[in-house]
Amino acid sequence: MGVENPAEQAQVLLRTRLCNPDFIFTIFSHSPDSNYSKLKYIMSSSVTEACNNSALLLGPRGCGKIAILEMVIKDLLQEYPDTICVIKLNGLLHSEDNCALKEIARQLCIENQLVFSKMASFDDNSQFVIAMLRECGLAHKTIIFVLDEFDLFTQGKQRLLYSLLDAMQSVTSQAVVVGVSCRLDADQLLEKRVRSRFSHRKLLFLPPSQEDLQKILQHALLLPTESGLPSQYVAAYNKKLLNTLSDEKFKDIIESLCHSDSTYNHLLRFLFAAVCHMDTKSGYLSLDNFKTALSSIQRQPKLEALQDCSILELYILVCLRRLEVKELETTNFNSAMKEYKSVHDSFQTSDYYAWNVCLRAFEHLLQRQLISLVDNRGHSQSVEFRPVRLLISSHELHQGLKSYRSCPAILHKLLDRGV
Amino acid sequence: MNEEQNPQTPRRTTRASLSSTPNPKSCKAKLKLCNKQPLTINDLAYGDESISLDDLISSLPGRRSQISELLRLLGPLDSPMFPVFVYGGASTGKTSTILQIFKHLKRPFVYCSCITCYSPRILFESMLNQLLLHRRNESNRYSSTKRCERPSDFVNFLKEALCNVVDSLKGNMVKSSSKKSSGWARGKMVYLVFDNLELAREWDKSSNILPFLFNLNDILKMPEVGLVFLSNASPDTYYSDTGYVEPVPVYFPDYTEDELRQILMKKQENLKLYSSFLEVVLRPFCRVTRRVDELSTAFSTLYQIYCEPLDDLGIVPSEDMKRKLFTHLQPHIGPSLNETFKVENRLSSEASAKTNKWKGIAKKNGVCESPSEIDFHMSACAKYLLICAFLASRNPATLDASLFDSTGGSNNRKRKRKSSEKSKEKKENAEQELLLKGPGTFPLERLLAIFQCIVSVSECLPDEEAQGDGGLEGESWTNGLLSDVLLELSSLCNANFISKCGSCPLEGANRYRSMVSEAMALKVARSLKFPLAKYLYRG
Chain L
171 MGVENPAEQA QVLLRTRLCN PDFIFTIFSH SPDSNYSKLK YIMSSSVTEA
221 CNNSALLLGP RGCGKIAILE MVIKDLLQEY PDTICVIKLN GLLHSEDNCA
271 LKEIARQLCI ENQLVFSKMA SFDDNSQFVI AMLRECGLAH KTIIFVLDEF
321 DLFTQGKQRL LYSLLDAMQS VTSQAVVVGV SCRLDADQLL EKRVRSRFSH
371 RKLLFLPPSQ EDLQKILQHA LLLPTESGLP SQYVAAYNKK LLNTLSDEKF
421 KDIIESLCHS DSTYNHLLRF LFAAVCHMDT KSGYLSLDNF KTALSSIQRQ
471 PKLEALQDCS ILELYILVCL RRLEVKELET TNFNSAMKEY KSVHDSFQTS
521 DYYAWNVCLR AFEHLLQRQL ISLVDNRGHS QSVEFRPVRL LISSHELHQG
571 LKSYRSCPAI LHKLLDRGV
Chain Y
168 MNEEQNPQTP RRTTRASLSS TPNPKSCKAK LKLCNKQPLT INDLAYGDES
218 ISLDDLISSL PGRRSQISEL LRLLGPLDSP MFPVFVYGGA STGKTSTILQ
268 IFKHLKRPFV YCSCITCYSP RILFESMLNQ LLLHRRNESN RYSSTKRCER
318 PSDFVNFLKE ALCNVVDSLK GNMVKSSSKK SSGWARGKMV YLVFDNLELA
368 REWDKSSNIL PFLFNLNDIL KMPEVGLVFL SNASPDTYYS DTGYVEPVPV
418 YFPDYTEDEL RQILMKKQEN LKLYSSFLEV VLRPFCRVTR RVDELSTAFS
468 TLYQIYCEPL DDLGIVPSED MKRKLFTHLQ PHIGPSLNET FKVENRLSSE
518 ASAKTNKWKG IAKKNGVCES PSEIDFHMSA CAKYLLICAF LASRNPATLD
568 ASLFDSTGGS NNRKRKRKSS EKSKEKKENA EQELLLKGPG TFPLERLLAI
618 FQCIVSVSEC LPDEEAQGDG GLEGESWTNG LLSDVLLELS SLCNANFISK
668 CGSCPLEGAN RYRSMVSEAM ALKVARSLKF PLAKYLYRG
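First to last, the protein sequences are chains L and Y. Every number in this note's numbering is 170 more than the matching position in the first sequence, counting from 1. Every number in this note's numbering is 167 more than the matching position in the second sequence, counting from 1.
No lab work stands behind these hints: they were computed from the structure. A quick note: this is a predicted structure, and the numbers were derived from the prediction, not measured. No residue lacks a Cβ here, since even glycine has one placed at the ideal position from N, Cα and C. Heads up, a few of these hints could be off.
To be verified - Calculated lysine-lysine pairs in the PhoX-like style (CA-CA distance at most 25 Å, straight line):
#1 Y:Lys439 <-> L:Lys508
#2 L:Lys511 <-> Y:Lys604
#3 L:Lys385 <-> L:Lys244
#4 L:Lys496 <-> L:Lys572
#5 L:Lys496 <-> Y:Lys589
#6 Y:Lys604 <-> L:Lys508
What the hints assert, rightly or not - Covered stretches of chain L (in silico footprint by chain Y; criterion: 3 or more residues with CB under 8 Å from a CB of chain Y, positions within the stretch not fixed):
#7 182-192
#8 257-265
#9 288-302
#10 329-342
#11 439-451
#12 519-528
#13 532-542
Between the sequences and the hints, there should be enough to build the whole structure, so can you do that?
Encoded structure:
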């Protein structure tokens, strides 16, 4: 299929690139003061000089911590084959000590072609790991422990971290522990006994600067000339793309994208959406593609939910808002119904429905998460008595009512008079 | 969408059958239970002939832009993708759109809903079962292939299973290129679809199952795997301490009135007649709700009423006829707007179809009086208990002595009633408080005391004799058969008429709360001929 249409082929290529962080972050491997070189220096020194090391990679989610680390490990594996053994743990999966040790033992067994016993106890596993550390140290083999979501390992007694770092205090072992976390205070979460054994090397990963952004854009989107694509098409595509990238409107789009979230991941997601919207007939990325991608990435769920509400649900929301203005201590369904009734009594609206219908609408609002129950404890009470609060601001409610297609005028009036 | 195509079929079952086996063929095989062909890799995709894009769009009215966006995000064959997060209100066609799209694309996928897979373990095992082409049946005692409870085990198994699937899909491609086979799954990508993700938020507050699922793409690091999440809660309602990698959002808005019309018109026999019916009812109902499932149940009964005067249902209505039908229907619209759209029990509705008809006609001019009888069976003892609980929840405990003294409260009418300004205000405040607080709690002893009082009083009342067996039973309760009463109480608790709530920190005993509304309590009291209103303390 792709063979006939170069545009489709190009699209697959671009998608593959964007989904592959290894490709995206290769551009940072060359500059000398990048995190890549620093990390590589730390880790290779441990391999060559047979010493123990530990480091923390900190930074917001989606700034390429793991991607850079993977690249470093890949390079090291190429440079020093057979002397490195990588153990990867994830705090989301292995935050429990028992489970983590088991996983370490399992991965060590796989690496060294040993038979892993599922039945091994915690004690067996920890002895095995320590023995392996010593053996590897004697054989001058470095074990690299990668602990993703490092902050989750600090829950509980931190036995795993302690035993790992404690084993690394001896001269015989040769290991590197790299923690990756999006909490900048991750090292403060460590216990004293663990912290004292930890080398306080921290690498900070930040969202990209303007120049980095431009570099990434070109790096990710420009088509290579030496791929199987027809060179004519590639040249035309690249020329058009460079035109778009230098466009002022495009810069505005990127700026508004970075206002909400300026991390690499967000950018990549945006580019992915843009590539998905690429017109395969013409085969070029146009400014419109980026525009639609921006609007599909940046959503306003609360306003969307307001547009989905029925008129009755809007009435209840407005009533709740009026109660909020009155500053009562608690509001619940029954007090909202009282307000609803008084509104009906004074204005004779056409939308006056029975109690149970309103309760149903109220439950819909709960489901849409426009309102929420204040506490989750009082499960013994039925819904109509449990206190609720609005999850949207009055500004959002105003805006939502304004853009609602056939909003009754009375609702605007009620809302304004309340405020 | 299944619920759109035929609103009558309950949608849970259709989704459940889809979830266990995406392939209708194998579903049939499962029903027969006699031909147990082992599942093949091709069973991960829809086996029968694929539907064209036009059919896809026309089968899901109002979802054209969503379909095209999803198709774009899924991309051409064998192209990797970012995780996609599909969200939108209930009953907006998220699940069916995704399933139909995979039917159209004929790509292999695995579907798991957090409704049927109600715990992490079941979710993991069901996903693995499907990937490992394992069918739970008698011979393996309905067990799963792998037992895994922890996400860590799941990831290991999943990686292994996915690698196998992807490998065999690649092998498949080599073979299928040599001889064209239409029933085979296309491509070497596998898609994992998680439905009703919003339920996973409630599973376990401490567990990090949601961040895990959202990060699954990064954990697996397999470009051949695509993740699709379906949820009826918007992405901003998924909180987590340290955040997660956000998926690409796709939004399904609620249907507009026109789209609703198109959906409801599907599968109708007499289109002209139904459209004239919809013209009358759709607009007022849309002001209350725009959910397809609720509307279709409400309309099914209304349409029956609409068609009542017609002998021939195949008729094309003229303007005159429409007007006549409208005047026939009009008195019913108001009351049915004020009813919650309940799904009627099929059996009883069939049995009482005729009586319903008469009742419907008897109900004049839309004043829907609540039927005086309660529509479920309950022993007299349980009814009394229900009333007692209601009284105990409503009345302040300090009044019990004066209400239930030996004279039985009947001549308690002479309670002081002065209506000064102050007391009126007080009364209003108390009412307000009751609205906010809801029914109060009470200890078991108080309930039993009230029960004793009421039963002894109702025995003294002369009209209670008319009830025959009720009176006899009443004697036996007072004779101290407390265990029966406790049994009834526990069954009332189970039926959620009375709820147990946290024990009192001082006394330590359990406290109870009545969950029935006043209207309901009055109804029950009426069935016992018990003067409930007399005992209710108001303000």
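Each hint tested on the structure:
no.: 1; hint: Y:Lys439 <-> L:Lys508; in the structure: violated (43 Å)
no.: 2; hint: L:Lys511 <-> Y:Lys604; in the structure: holds (19 Å)
no.: 3; hint: L:Lys385 <-> L:Lys244; in the structure: holds (23 Å)
no.: 4; hint: L:Lys496 <-> L:Lys572; in the structure: holds (23 Å)
no.: 5; hint: L:Lys496 <-> Y:Lys589; in the structure: holds (23 Å)
no.: 6; hint: Y:Lys604 <-> L:Lys508; in the structure: holds (14 Å)
no.: 7; hint: 182-192; in the structure: holds (count 6)
no.: 8; hint: 257-265; in the structure: holds (count 5)
no.: 9; hint: 288-302; in the structure: violated (count 0)
no.: 10; hint: 329-342; in the structure: violated (count 0)
no.: 11; hint: 439-451; in the structure: holds (count 5)
no.: 12; hint: 519-528; in the structure: holds (count 5)
no.: 13; hint: 532-542; in the structure: holds (count 4)
In summary, the structure is inconsistent with hints 1, 9, 10 from the numbered list given earlier, while agreeing with the others.
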